[in-house]
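There are 4 protein chains.
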Amino acid sequence: MDEYEIETLEAVELESPVLIEGLPGVGHVGKLAVEHLLEELDSTPVRRVYSQHFPPQVTVDDDGIELASAEFHAISPEDGQDMLVLSGDHQAQDNVGHYGLVDAFLDVGDEFDVERIFALGGVPTGELIEEYDVIGASTTDGLTDELEDVGVEFRENEPAGGIVGVSGLLLGLGQRRDLPAACLMGETSGYLVDPKSAQAVLEVLQGVLGFEVDYGSLEDRADEMEDVVRKIQEMEGNASAPTDEDLRYIG
Amino acid sequence: MDEYEIETLEAVELESPVLIEGLPGVGHVGKLAVEHLLEELDSTPVRRVYSQHFPPQVTVDDDGIELASAEFHAISPEDGQDMLVLSGDHQAQDNVGHYGLVDAFLDVGDEFDVERIFALGGVPTGELIEEYDVIGASTTDGLTDELEDVGVEFRENEPAGGIVGVSGLLLGLGQRRDLPAACLMGETSGYLVDPKSAQAVLEVLQGVLGFEVDYGSLEDRADEMEDVVRKIQEMEGNASAPTDEDLRYIG
Amino acid sequence: MDEYEIETLEAVELESPVLIEGLPGVGHVGKLAVEHLLEELDSTPVRRVYSQHFPPQVTVDDDGIELASAEFHAISPEDGQDMLVLSGDHQAQDNVGHYGLVDAFLDVGDEFDVERIFALGGVPTGELIEEYDVIGASTTDGLTDELEDVGVEFRENEPAGGIVGVSGLLLGLGQRRDLPAACLMGETSGYLVDPKSAQAVLEVLQGVLGFEVDYGSLEDRADEMEDVVRKIQEMEGNASAPTDEDLRYIG
Amino acid sequence: MDEYEIETLEAVELESPVLIEGLPGVGHVGKLAVEHLLEELDSTPVRRVYSQHFPPQVTVDDDGIELASAEFHAISPEDGQDMLVLSGDHQAQDNVGHYGLVDAFLDVGDEFDVERIFALGGVPTGELIEEYDVIGASTTDGLTDELEDVGVEFRENEPAGGIVGVSGLLLGLGQRRDLPAACLMGETSGYLVDPKSAQAVLEVLQGVLGFEVDYGSLEDRADEMEDVVRKIQEMEGNASAPTDEDLRYIG
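From first to last, the protein sequence lines are chains A, B, C and D. By the working numbering, the letter at position 189 of the first sequence is numbered 189, and the numbering carries on one by one without gaps. By the working numbering, the letter at position 49 of the second sequence is numbered 49, and the numbering carries on one by one without gaps. By the working numbering, the letter at position 86 of the third sequence is numbered 86, and the numbering carries on one by one without gaps. By the working numbering, the letter at position 127 of the fourth sequence is numbered 127, and the numbering carries on one by one without gaps.
Rather than coming from a laboratory, the hints here were simulated on the basis of the structure. Mixed in with the good hints there might be a few duds.
Each pair of labels, with its calculated beta carbon distance range [unchecked claim]:
no., chain 1, residue 1, chain 2, residue 2, range
1, D, I232, B, D62, 38 to 44 Å
2, A, D178, C, E3, 41 to 47 Å
3, D, D113, C, G210, 54 to 60 Å
4, C, E212, A, E130, 39 to 45 Å
5, A, E156, B, R177, 50 to 56 Å
6, C, E131, D, T44, 42 to 48 Å
7, C, D214, A, Q233, 54 to 60 Å
8, C, K231, D, I232, 38 to 44 Å
9, A, E13, C, E115, 44 to 50 Å
10, D, D227, C, E148, 33 to 39 Å
Just so it is clear, the structure is predicted and the values come from calculations on it, not from any experiment. Each residue gets a CB set at the ideal place from its N, CA and C atoms; glycine is no exception.
Take the sequences, apply the hints, and build the full model.
See below:
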């Protein structure tokens, strides 16, 4: 296998699509958001990307064996812009691999003539969230304006640590290819898989792109997570917000 | 030395052989199983694979010095299918090396026209095993059916963490070459080198391939391991199953 | 993106410039020094270097998104020698990347015909500093003499651990290109971002190169740091020098 | 700089030389032995090897700056066989680098037509040594016999963990080039820089190669180390052998 391999699954035409990425990260916000899109809208898997920089691993499920990979799905929703959705279970395992992999992702985007990129993720706040704000970062003023119009917050020098991994490089390497890109980061405690944060991100994206999805299943999953938190709080005999000690990463 | 080097040891013809892999892993189940095959059946070393991704290490034994490598052995048993058996003391030390090494292994398999692959290993249960089930994962329905017939269990989404290392990639990269592959994983505590689990895996393999081997020496080794466990239990004044604390990896 | 990419920002002519490097390191001494130069003197960004060996990261600030990089700035001060100043937020993340990156930096230096190199940094003493000495290391006797004349101390076998990272390799790889190079290391506790040490280094450099800068803002920043230290000492009820326990890396 | 670079320092003719390696390792036995040879016998530096797999580091000493490297020295002693002596302060920092670096070392050996290799090192026993045995491992029966004649011990399956790093690969990769190679490992506690173990190794080598050296300075250094041990023992109020707790790596 080459260092990076792009496998064609199906030939699909998309009209000026937007690339939407949601790989694993803080609170699994991006991954949950993208998986929800794929559940709610009709999609066709179009490309799969393998890499020697993914873990040397296969997953086992009902469909059999799957080698570590990331997958692109084409969505042409009834309402709104066409989408090329990137999902998967892995990030690259080393620096050089991160750069090479995101270049491979952008090559796929070029094949489909994507006109801009939205990288979805979470931003950790360290405390449980009451109101789920979505923080934005973008490579063009146009995108910034458009996102502010639908309620995304652009805060000076936030996130303070920058944006790392695939989402960060989609912006950085996208910018080098003159491809407008924005990162939409749902606020999340950072301790829990966070379906509410994923919903907040999707609602913003919906405002920009115009698709229609139902949030029932995400809300159900959020309720389940709240039950988990409540139980932890009871076990600790502590009705207030859990401390860092209480909350380990639960998902 | 190149990144991967395949050395020819002897020219041997095999008829539609099956590739059987048993490199070090959980409970050394795969390694024990494969070493037992090599002890019990007549075998000829045919290829040795060196790699810059193996540890920078030589082993010292009666035969002298041996550079870190993996070795293929040809077996044409009286009963049953020909086998190309892969054994060794090392896995690759990095992700990229894992991918490259398994590609080299599959290249050797191609040379011998192997028609399918069985990767042998263990799956950790975290507790001492009473009944040694063998869990399966496979890339084709045909292989799954055949293995279920000889008692291998295929459980939904197991192993949960997927299959990592050489065994996992033999399935994943084998599938990409249209070479049917299955992983046979003997249940094992994960704390001890486990000859009983290795025997359970071999008995299943025997059911599929038809070779005949005696298990006396594996049973002796299992008895030795049980003595070790018993002594640990006594030292701890604890006649019941040892806890995680008692059991470190012993081999 | 290639493993290393040099982007031209602006075409600027410099006359026999000196290359001055100040990337992150002990006490952020080199980085503070170089940033102060860029604040106080007119500068033009001329080259930016990207690398797959930098972290896979973008920073977010008022100017938008910036992919991890290092930047060269041209300075032609009214008094003194022209300077090509290298600044940035990152070192390479692996050995091979360090070597390749410094070679890229030296290639940029060659483009501008730099005639020598000053790498700026800090040397940790493990205790709070009263008098800010500057330690030197150099690849030519001529440079050593010149630096001793302006008060730089050359101490036998110091720093004992050698010089690591970009500063070290600028000397080592510069020497292999017959480009005279020196490292100026301000003594610093190693626990704190140290503007006073940065000022000591700049004053020495000023003695060699002849530029004129005001140190007001660095002194303000040093006062702020001293307030921080004083507060820590009070919190510990300890008016004397803070211990290792008191002082973690603060900046 | 290339991944590996061999720099010619001086053109020297050697007659059927033996390659002797002593890079840092357990107890610094190999390094001490080789440095003692270079101090006691007339030697000429002939090649220097740089690598991107060495640490990104320069050392600072009276002679100025030195980029991380390994160095070959030619020795034509009055008595005994010519020697090509490999010394240095570093091992490679990653697996792939180890393999590539040793290949570069063997290329230099080929240039000088070395006819065999002695890799010098230490083998840790975990306790203070009374009698300094030297353990051997070799790639040919001829070498084994020759070394046994001068008192080297060849013990079944020792060292149990194999031989790692440059010494191990000189044997493993040397064997692949049909170049006879042996490793001479002085027993050492593993806690201390061990000049006595280095002397034991050199005395064995002297028996094979026939050179003449004085051991006064190594004995002085051994006395110093013993003073250090004694002081530690006194500080612990413990006149018997120091425990693992007492002895950290001291050198």
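To see whether the hints hold, each was checked on the structure:
Here the CB-CB span from D:I232 to B:D62 is close to 40 Å, well matched to the stated 38 to 44 Å. In this structure, A:D178 and C:E3 break the distance hint of 41 to 47 Å, their C-beta atoms being roughly 22 Å apart. Restraint check, D:D113 to C:G210: a C-beta distance of roughly 56 Å satisfies the suggested window 54 to 60 Å. Taking 39 to 45 Å as the suggested C-beta distance range, the pair C:E212 and A:E130 does not conform, at roughly 54 Å.
Between A:E156 and B:R177, the C-beta spacing of about 53 Å keeps the proposed range 50 to 56 Å intact. Separation of C:E131 from D:T44 is about 45 Å and conforms to the stated range, judged on CB atoms against 42 to 48 Å. For C:D214 paired with A:Q233, a C-beta distance near 56 Å keeps the hint of 54 to 60 Å intact. In this structure the supplied range 38 to 44 Å holds for C:K231 paired with D:I232, their Cβ-Cβ distance being about 40 Å.
Separation of A:E13 from C:E115 is about 58 Å and departs from the stated range, judged on CB atoms against 44 to 50 Å. About 37 Å separates the C-beta atoms of D:D227 and C:E148, a value consistent with the hinted range of 33 to 39 Å.
In the structure shown, a violation is registered for the earlier hints numbered 2, 4 and 9, in ascending order.
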